[in-house]
Amino acid sequence: MNTLVCIKRVPAASSAVTLTDDAMGVDTRHVGYTTSPHEECAVEAAVQLVETHGGTAAVLTVGPEDALEQLRDALAMGVRSAVHVVADSDAFGPADVARAVADVVGARAGSDDAVDLVLLGNDAADTGDFQVGIRLAYRLGWPVVTGVRSFQVIESAEGGRVAALGDGPDGVEHFDVPLPAVLTVKEGGITPRYPSLPGRIKAKKAPVENVTPGFEPAGSGRVRLHLPPEQPSQVQILGEGADAAPALVDVLEQIGVVGR
Amino acid sequence: MILVLVETQADGVELLSAEALTFARGIAASGDGDVQALVVGPHPAATLEGLAAHGVSAVHHADDERLAAYSAAAWAAAAIDAAKTTGATTLLAAASPRGNEVLAHVAARLDLSMAANAVTADAGTAGTLVVRRQVMGGAALEEVHLSGAAGAPALVTMAGHAVDPAPAAAPSSPSVSVFAPALTDADLVARVVRSEPVVNESGALTTSRVVVGAGRGVGGAEQFGDLLELTELLGGALGVSRVVTSLGWRPHHEQVGQTGSRVSPDLYLACGISGAIQHWAGMSSAKTIIAINTDDEAPMVTKAHYAVIGDLHEIVPAVNAEIRKRKG
Ligand SMILES: Cc1cc2nc3c(=O)[nH]c(=O)nc-3n(C[C@H](O)[C@H](O)[C@H](O)COP(=O)(O)OP(=O)(O)OC[C@H]3O[C@@H](n4cnc5c(N)ncnc54)[C@H](O)[C@@H]3O)c2cc1C
Chain A
1 MNTLVCIKRV PAASSAVTLT DDAMGVDTRH VGYTTSPHEE CAVEAAVQLV
51 ETHGGTAAVL TVGPEDALEQ LRDALAMGVR SAVHVVADSD AFGPADVARA
101 VADVVGARAG SDDAVDLVLL GNDAADTGDF QVGIRLAYRL GWPVVTGVRS
151 FQVIESAEGG RVAALGDGPD GVEHFDVPLP AVLTVKEGGI TPRYPSLPGR
201 IKAKKAPVEN VTPGFEPAGS GRVRLHLPPE QPSQVQILGE GADAAPALVD
251 VLEQIGVVGR
Chain B
261 MILVLVETQA DGVELLSAEA LTFARGIAAS GDGDVQALVV GPHPAATLEG
311 LAAHGVSAVH HADDERLAAY SAAAWAAAAI DAAKTTGATT LLAAASPRGN
361 EVLAHVAARL DLSMAANAVT ADAGTAGTLV VRRQVMGGAA LEEVHLSGAA
411 GAPALVTMAG HAVDPAPAAA PSSPSVSVFA PALTDADLVA RVVRSEPVVN
461 ESGALTTSRV VVGAGRGVGG AEQFGDLLEL TELLGGALGV SRVVTSLGWR
511 PHHEQVGQTG SRVSPDLYLA CGISGAIQHW AGMSSAKTII AINTDDEAPM
561 VTKAHYAVIG DLHEIVPAVN AEIRKRKG
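Protein sequences, first through last, are from chains A and B.
So in my numbering, spot 182 of the first sequence is number 182, and the numbers just go up one at a time.
Add 260 to a position in the second sequence, counting from 1, and you land on the number used in my numbering.
Every clue listed holds true.
If you want the footprint, here are the derived chain B segments under chain A, 3+ residues with CB under 8 angstroms:
| id | region |
| --- | --- |
| 1 | 366 to 373 |
| 2 | 401 to 409 |
| 3 | 509 to 520 |
| 4 | 558 to 566 |
| 5 | 580 to 588 |
Keep in mind the hints are simulated off the structure, nothing from the lab.
Every residue gets a Cβ at the ideal spot worked out from N, C-alpha and C, and that includes glycine.
Isolated chain B, as found in the complex (with noise of 0.2 angstroms):
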């Protein structure tokens, strides 16, 4: 059976998680058993409706109001009671900065191996997951093999956007079980304290439908006119390379990539960067991808679905003009 550890928002079960219900469930037809879900703390009402439609068997909702506040190691806990009594040999979550921080606890707690970024599990022989995961930014899969057993589960995070998350053919109507997880103080240490919502300018940069690249190519921090009136345009974000932070050009939370935020959007419009790995593995999964590029040998040309050679400097404004020309 398949636990996974499912993370929730105010419209309920959050993305990265149902591409991690997804993806369970792609791991349960290739023969172990089916998904259960792991709720920890207070969710939305929601959250239920989600899991239902993604066909979970069982929901665990580990209930205690220390819970409130999110400490890993407290997560961690709740995992390992819930991976116990359910005899679960598989406890999966996204590769959110949650759940590879509780995954990685209840490795540490149990001494067990862990695979993050995963792109896919199935089943082997003698009861062994086999496991591909993202190394090097993406660059290399690594090749690993799990064992899972009921108290020592297979630990597996899913690298965000390996599959497209879409709800199971049959929905379910689980059982609810709540349980209060035994907690120590020793789990309750390094738990939040205080939090305070981030106030992004150039808008929500992992749940944009459009991102608008930019690259060492736009020539320094004065020069952004164009491509920010061109995201304003297009109701996007804007997204910047490694080069364009480090050079202090734009606020590192624009940053996408490896060391940066992974973005999914309907498209990403590049402009001005090569397309190193390490950028490309954070908008990879974008569905239409276009380069501006003075380079048509640039891997981020050659890789695009479409491209436009040229200074962008040139090709941005005319290409601003136009969308208010037919916007009328």
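The shape of chain A in the complex, shown without the other chains (with noise of 0.2 angstroms):
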């Protein structure tokens, strides 16, 4: 059972972005860096499943030399090797991704290290396209479940299986699917572990196998950037502290949500 996580390098930020000059993309100069938070629950999963069913677990990332900080992350929280397909996140767009992806699955392809299950993230914290997923798995001919919320593999004489459940319209949805199969993680169902000291170091050794695209990316079709509409504030303090509680059910009661 090979498990390969795929994670993206994506910027921090929590307050108001601005744009580089050429309005391509975010100033990053002054926000750090982190994992998307849906693939941080992927690769806690993808750590599990070496834990419960023996197997390898590879991290992958298409995305800059920098993105190594992102590979080491999870390689920290007990994944074991790490894939960097080295590219300029911002020419990729979401086929050229599920495609740098679909290659490395491809190569691996009858070897020891066939990959019998892909994990991504739902969507991407900056790109948010929905898609890289659903990409690949056409790719691949590969079923595919989105938004998982947590799964099981299960295996069998007929080959494994994978129990996966996450949030419908109309209320829990269980899927079930065979191996090789993608799964698209949300967020919500399953905690990333913090890692180690001993992780942190082991991560600083272990191997990443780093690759070329061997395609020219068509892009993300990216025009520029815009910043939303900046809206001056308007706030009106209704005062300080446990005296303001009349003049603020007066507020509530104004909107009507308390009735007089």
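Make the complex out of the two chains shown on their own, each in a separate frame, by following the hints.
This is how it looks when you write it as structure tokens:
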């Protein structure tokens, strides 16, 4: 049972962003980077799979040199090896990323490292395209379940299956698909562990395979970025502390959420 | 022509789909013909009435018993069939989990681009659709130009609450055509095999008129008593920040924001929440926003309509007492 988990290095800006001069990107000189939250859950799931089923878990990213930082974070959580498809994330659209991942999966087919399960985040925290996992599944000809909150792998003589669940309009929805498969994971059902200190030390020495994409990217189609129109603050301060309670309740009455 | 993939619920057209229909009329007005609707599988009788109120000129109903259980690939096969027969130049859905998923399947099957989470879309020159879509949780908008042609439509999902849903100026009496999409076994592999309703103790977060928001400022899992009482007094639901769920104070299904739920209540009462962009992404369309915060420079305070400055553990009990007093 070999799992490949795909992550993305994304800016971790928590307040308003500014754009680069050409408006093609966000100015990241003063912001840190992180892994998309959904993908942290996917990494945790990959580590747990090895703990319960054996086999291997590898982490992959398509991204710039600096994305090594996010690969190391995943390695520190317990993933054994990493694949770094070195590429400019901005030049790679969702179809390109899917193709790059499919190439790595394809290269391993038939070997001891053949991939049985690819895990991705449901959507990247920056570009939010919602489609890399699905495009990948079509390239591989594998089934795909998206928005997975938690899942189990069931091994049997007839081959493995995945029982996955996620949130649908009518409640919790259950899926049951044969391996090999692609799952996109959503935050909420799997709690990522904090890397241990020994984990961090191990991660520094873990093998990272560098891969150069073997094709020209089609691109994301970005024409430019815009900032949402800035709204000047119009806040009305109702007061300070408990004394402001009557003024607050007056507003609640005005907007009709508390009856007189 | 714009074909809208419509999701339904017990009482007819689902809210985000009603928004998408409203949004589609806007695109149509900018030059792309009429709006038609696609409904996949079983749906309630009220659906047709809702679609007529939105002025659609035709309804296409994909009907096959294999569509009774949701499968994104099967829905995509139906959408592709409908788009082909109608010659739709744009295929639009809500940026709901289903909408994004089905359109991504369509994109993969037809090898087309797809723009998720659009906030505006207008007809451009030479048959293009100029789309602005939310990226980085809405902190920035990406402009993309999609080319839409019969057989290769522009694929767009519309960000939740980017427009207010409104019926058309003049209702229509749409034609209804039922069709059986071409489905393969592979389209049915990843389908819902079972579903169970969720029992959400704090009420339906995404449909409540009032959401009481709670952030790190609450201080601990045991300190939600006053906020839960306020939630109950207002007949609302509790929504929380990611810090609150990460610390294990409250369950993740209560999380509001980019990686949680998007809410659009009449009132969002944010208590001890700083207002990070990823949280704002989930509640910015609330009609009235009130912040309770110790920091008068917190983004949630400066972006709110009203604010009270101070310790929520002093203010919230006083508000509860005041509401009880007025209720008599
Ligand atoms: C990719 C990504 C996705 C994310 N997705 C989400 C998401 O879906 N939802 C989400 O919420 N966050 C999300 N985040 C996290 C987000 O960036 C913020 O870290 C988070 O929203 C902050 O939560 P908070 O406001 O509760 O905490 P803080 O930012 O720490 O703010 C606490 C606030 O409480 C106030 N306060 C403290 N004590 C009191 C008191 N006694 N009374 C009144 N006020 C008090 C403080 O002044 C402060 O304003 C995401 C982050 C990333 C990078």
